[in-house]
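Each chain, written out:
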Amino acid sequence: MYELIVIGGGPAGLAAACAAWEHGLRRILVVERDRELGGILNQCIHNGFGLHYFREELTGPEYAGRFIRMLESTGVEVRLDTTVLEITPQRQVHMVGKETGYRVEEARAVILAMGCRERTRGAIALPGTRPAGVFTAGAAQRYVNMEGWLPGRRVVILGSGDIGLIMARRMTLEGARVLACVEVLPYSGGLTRNLVQCLQDYDIPLYLSHTVTDIRGRDRVEQVVVAQVDQDRRPIPGTELVFDCDTLLLSVGLIPENELTRQVGIRIDPRTNGAVVFENMETSLPGVFACGNVAHVHDLVDFVTAESRKAGAAAADHVRDPLRGEGPVVEVAAGAGVSYTVPQRIRPDRAAEGCGLFFRVDRVLGQSRILVRSGDRLLADVSRSRLAPGEMEHITLSPALLAQAGDSITLSVQEVGSQ
Amino acid sequence: MKELICIVCPQGCTLRVDEDHDCAVTGNRCPRGAEYGKQELTHPTRVVTSTVRCVGGLHPRCPVKTDRPIPKELVFQAMDCLNKVTLTAPVRTGDVVVADVCGTGAAFVATRDL
Amino acid sequence: MYDVFIIGCGITGAAAAFHLSRYQLKIAIAERENDVAAGTTKANSAILHAGYDPRPGTLMAKLNLRGAQLARELCAGLDVPYRPCGSLVLAFSPEDQATLRALYDRGRANGVPELALLSGAEARAIEPNLSPQVTAALWAPTAAICSPWEYCLALAETAVANGAELRLETAVTGLEPLPGGWLIHTDRGDLTSRYVLNVAGVSAQAVHQMAAPKTFTIHPSQGQYYLLDKSEGNRVGRVIFQCPGPAGKGVLVAPTVHGNLIAGPNAVPVAGEDLSTTADGLAFVRDTALKSVPSIRFSQSIRNFAGVRAAADTGDFVIGWAAPRFLDLAGICSPGLTAAPAIAEYAAGLLEADGLSLTEKPDFLCRRTRLRFHTLSPAEKAELVAREPAYGRVICRCETVTEGDILAALRGPIPPRSVDGVKRRVGAGMGRCQGGFCGPRVVELLARELDLSPGQIVQERAGSWLLARETKGGASHV
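Chains as they are written, first to last, in the working numbering: chain B, 1 to 419; chain E, 420 to 533; chain R, 534 to 1011.
No wet-lab data here; the hints were simulated from the structure.
It is possible that part of the hints are untrue.
[Claimed, not checked] If you only want the chain R side, here are some residues facing chain B, beta carbon under 7 Å, derived:
(1) Ser809
(2) Asn837
(3) Leu883
Where is the CB? At the ideal position from N, CA and C, for every residue including glycine.
From just these sequences and the hints, can you work out the full model?
If you want it as structure tokens, here you go:
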């Protein structure tokens, strides 16, 4: 019997396991399906990680490496090349590995840290033929950075999220020609620094309010057709541009990987596609926690680390005091302009030092106010000079605010100068 | 007068840099923006991240980076010098892979253990 | 000299090969592509029809019913995913209800068992997500769903196990009559056979005309589909049709044997094998499917695809002698998947009547089983992994396909030569991430087992390369 089983050895799982160790747990198992720890960071060889957490700029493998060494300095047990097949409500974890065999392990607490996956061509119903050469940006990243293979020579990228932008630069540096980066929205979903350093540096045009309307080629991609879209994201006839290329990379969104979460019956938030969590990242199943991209998709690994440390500490608390009652709950609702919040539920008696709240807005906003209301009462009014869907926001709810919250609060945003 | 977007923080200020007046920067909301705008116009630099061949490790490529920013115009030359290197595992994070990249004084270093 | 040379290894060619392989005959199957089931067989609705649709007296009617019966036995015996879920045809108007009545009568005339006409309320009682607009339905409990490409593979693999020769990547380029048989020109050399079966699907007209004057025309008709995530897999439990129109059986909604939901097809005439989907075609499929089942969440789409039906202008299957010792099995559009084993049986009868002696082999193998890790119980999984550790490494996490599953396929009777070939055999890459995670690992396994460079591995056909070149000048520069 373990005190804690952490499912996933990427940035979330590593930070959670380290924090649980620091908070006194000694029988901890990390289960990782790959042959090494580090998760997706191993293929994110670019820099820009760690500015918040380590106050210096690291590459993905360096960031992962620091946590791997931290974990190695503890007594946390790691099972690599091992996949979890099933979790039961009694926290029995079925797992299988080539070296580790088929095992069922039990734990007093479980942390879900499985990360996320990429949306595919099928998810966005891109029409056209079905040739080879349509890759998700992450799959292409693995080929280029870890396996040492360039998946194509002439490339169009759909989606201007960070992975797409990073891959535009990587493919260019490795000798491919990136012809265009195409974004259906009127703004990019990526960080400004990536727009500058990945596209502008290499004169790669960014087509905003455009999408791919056709893929051509029988066996391998031969052409991709791009057209401008109207306000309802419908292609405008007559605006088509045809690119002769052999590759289309898709960077069209990430989806938390919650198959195990659903299978064990944990409540899912349809807005985050992750588990509904409390202030300490506990899910609807007591003793089971979720953190990192499996809970909601982050853009900065530093925030994954912070959130996962919280989950690790909370798991340690749970192991020490498993029968703590639920107490009063404040439901957090996403109001006007807010697409989701994490956590979705707060237990004020467990948030004596207040509670951090992550959220995303649903459009780009200039100077804005972030408003927290309970019914008609305005509990907080925070100002921000700029808000964008691509950049996760964070505020802290004070204990005093939570004391006045009643049983629900609503978070909304309002651009200054508009109603 | 040249316009560029500041990348120092997520605010993304639009900077205007006056080449005729000692690259004076306007449009910045903080001093770091002014510094960035001036540097970006006078001698832009970049950290280069890439990979090199590696034999005997878990993967056939090892990630590397320049240990400091190098002039932007040398990025492709720096990439070329990586083609001539093959590491042999074990490799440690920070191991120097190419010293003095293109005469810049910067080194390519390994960014993981392999 | 072969006794029987089969041109094309889709479901009908494979069924013919399987059926004939029980006799003491020398059989070859030539397939132009690098895998079996590469044409219509891999891209269709995967329905085994009950048999109320074809006009009584046609070959379609006769062979559909017999085929449905044989398919059930074959899928059980050859370990092919199969589910006898039944089908409903929906009516939304009095005109539709008249059509249902006609289908019911036609089904009775064709000998379809257990057909029943239901009210809208009765239909919704068994299928609660049907539209409230449904006024009546025809219930056909004997309809079923299967995995068409696994069905084809099972038949072809068992035929090969019984001695038939499968020649992949072999295109027939010409045919010349010989005394007592045919000289078959292929792009891999000439072969001879006493009999030739033309089972070339969309190309059957072209193959026919290599041996005989034109007697029929194939009018390829394309259909586009949505395949939805398993989260939508229980939206309906049965195959849901709308009333057939001039363009065919119309857009259906059905569960798949793999646990997904399928919606489609539309019907668009195309020149040749045009497999491209279109925004309009997909929108039509979506809108029409929602008329039957309004709650389908198309946001859960994981894949779109198109298939081409090899319909002949005769309105029926084209089964008969085109020339001496040259038999057409052509125009095999819906219900071809259902009818295939019956077509094979019927063709064997024609061959025998023409003088081919059919003597059964004493050692004919008619059973096949397949190990699938994900279907085992925990105890069985533990035992298998202890015995064969490769079953412990999960390669495709969406469908829980292990290295052991993939290696078994790569060492099977018809080894896959492409990433999609692996997918058809074991399901790796069929799930919600569509190979995003397992793709590179499957490429690695294929390269290792086929002794090729990853750069030589293809997605599907020759020319569908995946990787352009190695970075850093490649390992060969060392």
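Outcome of the hint check:
no., hint, result
1, Ser809, "4 Å, holds"
2, Asn837, "6 Å, holds"
3, Leu883, "36 Å, violated"
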